[in-house]
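Turn these sequences into a full structure, and let the hints steer you where they fit.
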Amino acid sequence: MMKKKVLFVASECTPFAKTGGLADVIGSLPPVLNQLDDIETRVILPLYRSILTNWRKQLVKVTSFDVSVGWRKQPTSLYIMRFDQVTYYFIENEYYFSRDDVYGYEDDGERFVYFCEAVISSLPYMNFQPNIIHAHDWQASLSLLFNKVYSNTPKMKSVLTIHNLKYQGIMLRESYHDLFRLDDEHIAGMEWHGLLNCLKAGIYHADKITTVSPTYAEEIKTPYYGEGLFKCLQDRSKDLSGILNGIDTKSYHPKTDQSIRFKYQYSSSRKRLNKLYIQHKFQMEIDPDKPMYVMITRFVEQKGLHLIERILDQFLSEEDVQFIVLGTGEYHFEHFFYQMEQQHKGKMIAYLQFNEKLARQLYAAGDFFVMPSKFEPCGLAQLIALQYNAVPIVRETGGLKDTIVPYNEYTHAGNGFSFSHYNAHDLLAVLRYSLTIFKDQDKWYPLFRNVTKSSFSWELSRDQYVKIYDQILGVGPSNVRSDKTWQV
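One point on numbering: in UniProt numbering, the residue at position 364 of the sequence shown is 364, and numbering is uninterrupted.
In case anyone wonders, no lab produced these hints; they're calculated from the structure. There could be a bad hint or two in this list.
Capping the alpha-carbon separation at 25 Å, the derived lysine-lysine pairs in PhoX-like fashion look like this [unchecked claim]:
(1) LYS290 <-> LYS255
(2) LYS221 <-> LYS345
(3) LYS5 <-> LYS155
Next up, the structure:
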């Protein structure tokens, strides 16, 4: 049987560098794939300054070489290390990656043109020759173009996973001759409204395209969710599929999580001890029966914060609840949450920075987890909330629709609450409805039991990725298959 050798190309990965959910996926999926006998997955990343600082002793230098970025020659070093049953490669270039942050620079386009060039240039120096290159998001998309075009590159099959279509890597068209060493015939695959679009190049050149939930795979083929690329995705529709993300259930587990004060698994009484701890920590009213709503989010429009702006004051004024938000982002939203905290002392806490330990404590403390996203490719936060037995309240979009089944108080089916229209009053209505269920123990406990049974480990997702790898390699299915299914 052909051994599948897969190289993940990505811009971030836990525990090395993280700005969002992409890093969690790249950090947790390869170890699960490598549990199968007929597959080996490795990962290649930029060597950011923070990685070099924190992991210097574990890194082993493989070689140095030059990488062409248009007319430039950039000195490059390739490093290797082994961590958690996965081999990682790192691309070092001081000019592009020795910076304080992962993204947010004016030359981000150029930085990741270089990275993708360096990935393909590094292949001959690896003790690993992949037959599949699996690129993630726009920062890695150009590796698929370069792999296909360069005659000295092994003709690997390719997969592109779109984690968030909104971010596409847009550059001026004039950058083509400045940054690329390609003939003009190849510009059509990445030209977009008179600009260059890195993600479009990946969509154009990938053998298969995946995104991170079945619903999002359908949504992005429509003008509303398609972010200007819906026609390209419609053209590749037969090669596009949605595979729901999983979570690392070993890391996110309230029975073993060292970040939380009181360990538990299915016990609502043990979980309430964590609520008391948070109430004491933030000097809120100490009451285990007080409903606690939690938000852990980036402060951007995508996360539905315009809806929260319109109804939060009314909800806090009219209802006897506690509300805690953790996150950072756009100043406009930070200021709003600060104001809400000042107006609702003791009921509202705004912790305006990200703290991983506190985030886990809030998952463990919260009765409800609020996530009213405008769009959500998959969402990991609602899956983590379920893992910690907090009931999600979501809008029916993308992965939120695929993972949260609205609770039916008559049949007692469902694992959360949801609303369909992007409307503030609909959000307020479902918040109020969640309170009525919380106050009725005959309805609340069946819902809580359903939440404790919800499971989104990586095994099923892994097998769906392997099926795609088998398809593009033209081989039969792998011998090892999980019989697990998602429990909703």
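Status of each hint after checking the structure:
1. LYS290 <-> LYS255: holds (23 Å)
2. LYS221 <-> LYS345: Roughly 45 Å separates the two Cα atoms, so the pair is violated.
3. LYS5 <-> LYS155: holds (13 Å)
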